[in-house]
Each structure stands twice: as structure tokens, then as C-alpha cells.
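**Student:** Sequence:
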Amino acid sequence: MSKRALLLLTSHTQLGDTGRHTGFYYDEMAAPYWTMRDLGWEITIASIAGGPGSPDPKTVVEPRKRPPNVARFMDDPKAMRQLEDTIRVSYVEGSEFNCVFLPGGHGAMWDFDSDTVGQVITDAWTAGAVIGAVCHGPSGLLQAKEIDGSPLVKGKRVNSFTNYETEQIELIGVEPFLLESRLCELEARFECSANFTPHATQDGRLITGQNPQSTGAVCHLLKESLEDL
Numbered sequence: 057m058s059k060r061a062l063l064l065l066t067s068h069t070q071l072g073d074t075g076r077h078t079g080f081y082y083d084e085m086a087a088p089y090w091t092m093r094d095l096g097w098e099i100t101i102a103s104i105a106g107g108p109g110s111p112d113p114k115t116v117v118e119p120r121k122r123p124p125n126v127a128r129f130m131d132d133p134k135a136m137r138q139l140e141d142t143i144r145v146s147y148v149e150g151s152e153f154n155c156v157f158l159p160g161g162h163g164a165m166w167d168f169d170s171d172t173v174g175q176v177i178t179d180a181w182t183a184g185a186v187i188g189a190v191c192h193g194p195s196g197l198l199q200a201k202e203i204d205g206s207p208l209v210k211g212k213r214v215n216s217f218t219n220y221e222t223e224q225i226e227l228i229g230v231e232p233f234l235l236e237s238r239l240c241e242l243e244a245r246f247e248c249s250a251n252f253t254p255h256a257t258q259d260g261r262l263i264t265g266q267n268p269q270s271t272g273a274v275c276h277l278l279k280e281s282l283e284d285l
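Position in the sequence shown counted from 1, then plus 56, gives you the numbering used here.
With a cut-off of at most 20 Å between alpha-carbon atoms, the simulated EDC-like pairs for lysine to aspartate or glutamate come out as follows:
(1) 59 to 152
(2) 134 to 98
(3) 210 to 169
Pairwise CB distance ranges, derived in the manner of DEER restraints:
(4) 96 to 75: 42 to 50 Å
(5) 58 to 219: 37 to 45 Å
(6) 211 to 151: 17 to 25 Å
(7) 279 to 113: 23 to 31 Å
(8) 106 to 225: 25 to 33 Å
(9) 151 to 279: 21 to 29 Å
Derived from the structure by calculation, the hints contain no laboratory data. For each residue, glycine too, the CB sits at the ideal point set by N, CA and C.
Build out the structure end to end from the sequences listed, making use of the hints.
**Tutor:** This is the structure:
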């Protein structure tokens, strides 16, 4: 029986009151997609609202500038069909998946911090799944729980987009909260590197990455973990 993985995408497209558009980061979705598909896994792509996936416009670049994973995804009819018709997250049963991955993108800061996302992650974690997230994707971990009801991230080594990185790109006060601060409030053991340098962390079945530059390192850890399942 093939292993099943879930990619969960933000559906939020407005960057606060800036008038700028956002969404999920394409490479943060495409890289883990190919990591898992190349292992023979069956992949489901879901989003908060369902329907067509909404990438951040700045990550949809002209063909010659596309990262290899993005170019491969956009050239693959099966992958594009999945992205054009994502499943609404409220229809997803987390316990049915062996892995759940949360790509980032600023949009996740508005719609990942929810009971619905938290329940999907909780159910998958309880069933023994590997959970991965990168950049703003760890906002989907905030409402997830351990079996005893404690926060999933409590006492675990995690990272995410940092407060200093948010300050550098001038989004403090634009995004609804600071992700690093929220994770620390839940007693996560937060760790990070310098702004916009790669940093990936693994604590058992939980794999997190700091920023877009960390996607490759996260996928390396993800591949190792999935090969062991």
C-alpha cells in the first residue's frame, strides 16, 4: 500500500492593508511535493478554502528564473491539475495521512492559526505521521495538540520565520502576530540562524525550517524521515 501525504496551502491572498497580494510560496510547496512524489508517495493537495491554489505572485516568475522544482511542477500536468482543484481542509481527515507538510507564504499567518488546521495536524500526529513545515508554515502548528492536550510544539525544537526577519522586511504590524513569539509562548524550544540563512530543525517526527532559504534543508530531513517509515 502506498504512503499518503498531505500538502496544506494557505488561501489568504491579501497582505494586510498594504494593497499587496500574497499566498503560498511556490518553491516551498513544489520542493516537498517532489521529495514525496519521487519516493512513490500518493499526494493530496488541500487548501483552507479549497479550489484553485493561490501562490504569492512574486514566486510565479518567468520560466528562465524559476527554481528547478517549480519549473518541474509547472510543466507536470498531474501536479498542475492537483493545484488547480485543491481539497478544502475542512474535508480532510488528518489520521489518513502518513505525512503532512505545511508550506509557507505570508498568507498562512492569517488562516493557518485555526482549530480546523490544528485538528488535522493533531489527528495526523496522533496517528504517527511525520509533520513538516517551513517559513510561515509553522503557524499551522499553533493549535495542534499532543495526546494529553498540551501544545504539540511544547518542549520541542522548532524554528520558523523569525521576528528579526519580519522586522527586516518591514512586516511587523502588518502580519497579525509574530510567529516566533507565538511559538515561544507555547514553550517551544525555538532556534534559528542569521536572517535569511538556511536553518532546518528536526525533533522526532517534527521537521521545521526557518525561511525560504531553508526549504532544501527541510526536504533533505523530510526525505530521510519518510524513507524510514
